[in-house]
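Based on the hints, put chain B in the right spot on chain A.
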Amino acid sequence: MNAHDAAPLIEEAELVVVGGGPAGSACAARAAERGLDVVVIDQGSFPREKACGDGLTRSSVAYLHQLGLDDLVSQSYEIEGARLVVSHRKRREKRYTERPGRPRWARCVSRRVLDTALLDAALERGARFIQGRVDAPYTVGRRVAGVELQTDAGRARVGAQVVIAADGATSRMRRKCALGSPNHMTATAIRQYATTEHELDPLFEIYVPVVSGADVLFGYGWVFPLGARLANVGIGVGRVPGLKQPPSLRVMLDAFVEQLQRPGGAPFGHLQLLGEPSGSPLAIDFSSSRCQFENILFTGDAARTVDPITGEGISYALHAGEIAADFAYGGLREGRSIDGVGLHLARRFPRLGQDLSPAARRSTLKLHGRFGPEGESTVKLKMTKREPLLYAVARMAATPKSDTRLSGMPILELLEREDTALAEALLDLSEKMLDAVNTEFPLVSEVLHRKFRARFGPMLAATLLLSSSATGGCPSDLTTSAALACELTRLAHITLGQVGQDSQSSLGHTNAAMAILFGDFCITRAVDLATLTNQSVMQSLMAVNRDLCVGGLLEVHDLFDLKRTPRRYFEVAEKRTAALFGLSASLGAELAGASQATVESVRRYGRALGVATQIANDVLDLTARDEIGGTSAGTDLRSGIYTLPVIYSLEADPKVRRLLAGRSDTDDLPAVLHAINASGGIERARGVCRDRLTEARRALAGAVGIRQAPLEGLAELVLECLGESNSSALSGPWSVRGDAIYAQRVQLSDLREA
Amino acid sequence: MDTVLQQTSTPWDLPFEQLSGEELCAEALVGGAPTELSEALTYALATKGKGIRPAIVLEAAKYGPHPDATAVRRAATAVELLHVATMMHDDVVDRAALRRGVPTVAAKYGMATATVGGIWLLARFVEIMSSFGPSVATRAGECIARMCAGQMLEVQEMFNLERTAGGYLEASKGKTGALFELSARLGAELSGAPDGTIERLTLYGLELGVSFQIADDVLDLIAGDESTGKLPGNDIRQGVYTLPVIYSLQGEPKLRDLLAHSSEMEDLPSLLGLINACGGITRACGDCVAHVEAAKAAVLDLEDAGILATVADLVVSQYEEDPWS
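Residue numbers (our numbering), protein chains in the order written: chain A, 422 to 1175; chain B, 29 to 353.
Errors might be hidden in some of the hints.
Label-pair distances were calculated between CB atoms; the ranges are [unchecked claim]:
hint: 1; chain 1: A; residue 1: 761; chain 2: B; residue 2: 331; range: 55 to 63 Å
hint: 2; chain 1: A; residue 1: 1082; chain 2: B; residue 2: 58; range: 35 to 43 Å
hint: 3; chain 1: A; residue 1: 848; chain 2: B; residue 2: 318; range: 49 to 57 Å
hint: 4; chain 1: B; residue 1: 63; chain 2: A; residue 2: 1115; range: 30 to 38 Å
hint: 5; chain 1: A; residue 1: 635; chain 2: B; residue 2: 223; range: 58 to 66 Å
hint: 6; chain 1: B; residue 1: 190; chain 2: A; residue 2: 682; range: 32 to 40 Å
hint: 7; chain 1: B; residue 1: 58; chain 2: A; residue 2: 1076; range: 44 to 52 Å
hint: 8; chain 1: A; residue 1: 898; chain 2: B; residue 2: 58; range: 24 to 32 Å
hint: 9; chain 1: A; residue 1: 955; chain 2: B; residue 2: 223; range: 20 to 28 Å
hint: 10; chain 1: B; residue 1: 282; chain 2: A; residue 2: 520; range: 51 to 59 Å
hint: 11; chain 1: B; residue 1: 78; chain 2: A; residue 2: 514; range: 50 to 58 Å
hint: 12; chain 1: B; residue 1: 284; chain 2: A; residue 2: 848; range: 45 to 53 Å
Treat the hints as calculated values from the structure; they're not laboratory data. C-beta atoms are modelled at their ideal positions from N, C-alpha and C, and glycine is treated no differently.
Bound-form chain B, shown alone:
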């Protein structure tokens, strides 16, 4: 295959309002964090990413009678706090110095601060969720349990050349899908949407989350330092074999030998070349599109689902080329 994938230079341009850093900080810093922690959290929340999860909460809320309820807005904030919390912990685990081109909290404020900051935000998330009553609290508990299980599943499969696409999917549903799912469900529930709509949006969230994870993993293989703040192939270096790698392993025996014998990753460029050449990335992108389509299909019946579909398409538009066409 000749197509060399690259990340698009245009950042996400979301067709809806975003939460401001101030708004997030106001919710995060309740209860008197010490200066060092406040600074680190303010920094983390200001350098946050695309804000797609709160956007989903706000969009999903539009399918109920009370899209402007305070609870909706607070829930949107809360899911972003949880997302940032997981990012902070991920950066400690991955030893990442940069994220989206800027230093990570772990790099700037130290591992202890990043660890503690993550727990602080998680606690705030749970506090906010439990204020919406027992059923939301239970869902929040389930969500973080699933996220944690997804992460564990991934660790369990580290360096496993026999990792399957099914195992990958299972981990992705937990790691990323769970919070996307919760975001969509929360928005719909808290604005009083009917049950059928809530179910559709929940499915939309899950599928979108999985597609998002695949796209992220593809980007890890193709994108350079500037765009993600990481070196390409970071996952492989950590022993995390993502969907494109799993597919490549199935089709290219040479890759197996390379992975099995070069743990120090001297051959990373040739490894990445091989993965690209054997079509593993293309196949993974195909799966990504399939999940995007499933997400769109879930909300097809909803009136005015255009924006949700656009959000879904944005996942795919992260690539310059459209290799699956």
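Only chain A is shown next, with the shape it has when bound in the complex:
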């Protein structure tokens, strides 16, 4: 830019946030609260309208409370759950269950009110506001030094050290930085306000599928209540490569409203439309590599942080805004790099940016031809439920997103206490792990990311390997590859273990096919990484793979076997857990150059720890309260896996046998759990677990020349978890178990209900 025609510099700040929507305001509020000098620029004068579904997830509500906007929350309309509607006779509801520390209800509030309150919260915290349309960043030398804008008073500049672009789905900043978009799905949505004849149910109503002529489209219609008789009625449709393009959204909205009005239609009766419909594009093409341009960080819709399945964007925007603020703060005040915000978002929200095209094509094709000339549907609810994508829409409106992060885990805290370098290495490894399962196949990445977070939790195999090789420095490439290969092997067999259970149903089949696909993928990755090590590592890992096969097979073989013996349980545990733990631990010592005797000691330690961990997990499965459902867990029991405490109970109390033998479904599960508890089987299993931990510690005593503290700490952690059956243990390293239960429940049990 030539100095002569440069617009006047009207303001300077450390941080300039372009856009005063939820992402921009959340970012500004956070940054200002942390003490940064912040300016927010938006072209609108608040309050202003914004096309949206107006729904606030419970995660968003929690954020509003945290920001002190309690009044806003109490003035907004309570939503008690979600309802999936195929037709008014075919529908299914899900009410929110109470979870400690979470808001009880979701909410609905117009964006006019919400956005104003959020911006006010940012301004109260010290952010300044300038009204104007930001056109582009400007540079001084080669560095972005601020933004150029058009104000009422003419062209101007605002200087900044870091710029946050939160200027929405049609972001000008994004275009100016030529961040473009990867070429796959896009989506659009349209909404209209309406008053209703009768009272609305306090539910997010989701209407699927969307039909246009003879074609089924990928999307859903919604009726979200903003008041007892005030609704936000809308429709959102994805444009999927390989499927028919949707016609005009306006036409589709009219058709949807007409469908709601049909005789025998919606219970809320006649709709009186208010004002004009308003539509907006949904930016769902998130890409972790397109969230930053030098010192400009993108967030919210401008970074495409919109759920590609539900189209939900507010809760993502709020969190992404905060994340951007934290990155900016780190860069401005703590001398850290501001790079990596995109990767951070991708990890935190693995669903973002997923290309759902194949699943969308499958879902919609399956539903074709099931609609009559009058739009009457022959689709069964069951069928809808079998379509993972359609069902996912409703499910996600009703259940919280899981957000398990390794950083909060006690394992890490432990390592940080014992060995900072080791903790760093583990964090680094967890990032590499996510990269390893990241692929050019979005469907796979989506599922594996979810699995990784839900099932994977603390990377025990990798942790063991790193811990036993800890020398105080950065682990070598060889060690890293071996650790990743071990961990991927674990993930593969957890995934493959699903095959065989529930194999008769069509859903069981779909799960099996997917499990094979993803399990094979993990194994392949593990082998690929193992080739970076050496022959002996590769061969040991493959031998362990075969052990895992045998263990898995024995477990399936024993399903629902009331005569299962402790010996058999240990045989399986040796193959399924001890083999891999023993290998991981011994490989670490070996790669660190320990003596053969030490390697053997560490292997014995690993094997004993493996069995102990297995028992602890099995005990927890019986005693833990499932955070999400508020019910007792017993996942293994439900699947017919009789673990050590159950086997001991069967030996001790004939009543348990009777209960288990006569059990046709899971209704009497609480009774079974109670009987198991009363029989002392759980206590006995705990005792065995403690013995194994002692054995592990004793084995460790023979290890020379390696750092024992982290390994002893790991054994200690298992012991801690074992003793506790309340939520404090659940928030320990096994809190992933809660997510595992959640994941499994939504994948299998919920769907099986149909």
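Relative to the frame of chain A, chain B by itself:
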């Protein structure tokens, strides 16, 4: 087009020695598999197919100074173990009850056994490969990664009426081409063939693999229950649109409507008729021949490449009629 294609009744008659089921089992069952698994694996290895991949290893080895090296024989066994492993997993994914007219492992021993058996064989494959040193191990790792990627690519394109011939080719190179390629390369490398020969044979393997995949996909559309153990049109039912279907979609708009609106496949016979009538199969067969010719051309300069050429021609001879002539 009037020609109705059928699979030839004569099975493959390979002009060279085959690995025996016992030989395969000996390599597969190292390390003490439990009885149930041993039985299932023995069954799978006994009912294996044409054995074309190990045959390629053994044939390719003849272009080096040590065709009878133990390593060659073990490598031939290993690639067959990997092939059978993928078959076992495919049968779980496809829910196939029969393969080549006999019950699949998944049907006979259960899905869990078939899954685990596949991983077991894969582990054995990697173990054997890694015993040949780091470079072979790396190639083996690359090969399974490519196979997996090919499979993923196919899943990604399921039910996609816009699938392209290029996308199909890419998936086929991974799904089938990678292992054919590895087989040819391994044979040549392990018997000490010169670099130029190894490169030629590698290309031969890849092209042959692709032609093999196209032929397989054509057969899926034309062959009935008895010959492949599958119903015709199984791929279409799964949403996998193979080359003949892709070509048919380009030339026949009616097919698009049929595919888009009959996901339950009530109209499968008329669908298959349409695909046959519009020449999609003929065009795919033409491509198959082109890849066979490319395979033959790759080894044209090699001395005594006759058998390799014969193997390539066998791919084409799977049809009774020669529709592209």
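### Query
Could one say that the CB atoms of residue 848 of chain A and residue 318 of chain B fall in the range 49 to 57 Å?
holds (52 Å)
#### Entry: Whether the CB-CB distance between residue 63 of chain B and residue 1115 of chain A falls inside 30 to 38 Å
holds (35 Å)
### Task
Given the range 51 to 59 Å, decide if the beta-carbon distance of residue 282 of chain B to residue 520 of chain A lies inside it.
About 54 Å separates the Cβ atoms of residue 282 of chain B and residue 520 of chain A, which means 51 to 59 Å holds.
### Message
Quick check: does the Cβ-Cβ distance between residue 78 of chain B and residue 514 of chain A fall within 50 to 58 Å?
### Response
holds (55 Å)
### Query
Per the hint of 45 to 53 Å, is the separation of the Cβ atoms of residue 284 of chain B and residue 848 of chain A within bounds?
holds (51 Å)
#### Entry: Supplied distance hint 32 to 40 Å, evaluated on CB atoms of residue 190 of chain B and residue 682 of chain A
For residue 190 of chain B and residue 682 of chain A the Cβ distance comes to about 36 Å; the hint holds.
### Query
Do the Cβ positions of residue 955 of chain A and residue 223 of chain B conform to the proposed distance bound of 20 to 28 Å?
holds (25 Å)
### Message
Assuming the hint says 24 to 32 Å, is it satisfied by the Cβ distance from residue 898 of chain A to residue 58 of chain B or not?
### Response
holds (31 Å)
### Task
Determine whether the Cβ-Cβ distance between residue 58 of chain B and residue 1076 of chain A falls within the hinted range of 44 to 52 Å.
Cβ of residue 58 of chain B to Cβ of residue 1076 of chain A: about 46 Å, so the range 44 to 52 Å holds.
### Query
So does residue 761 of chain A sit 55 to 63 Å from residue 331 of chain B, Cβ to Cβ?
With Cβ atoms ~57 Å apart, the hint holds.
### Message
Looking only at beta-carbon atoms, does the pair residue 635 of chain A, residue 223 of chain B fall within the given range of 58 to 66 Å?
### Response
holds (59 Å)
### Query
How does the Cβ-Cβ distance of residue 1082 of chain A and residue 58 of chain B compare with 35 to 43 Å: does it lie in that range?
holds (40 Å)
No hint from the list above goes unmet by this structure.
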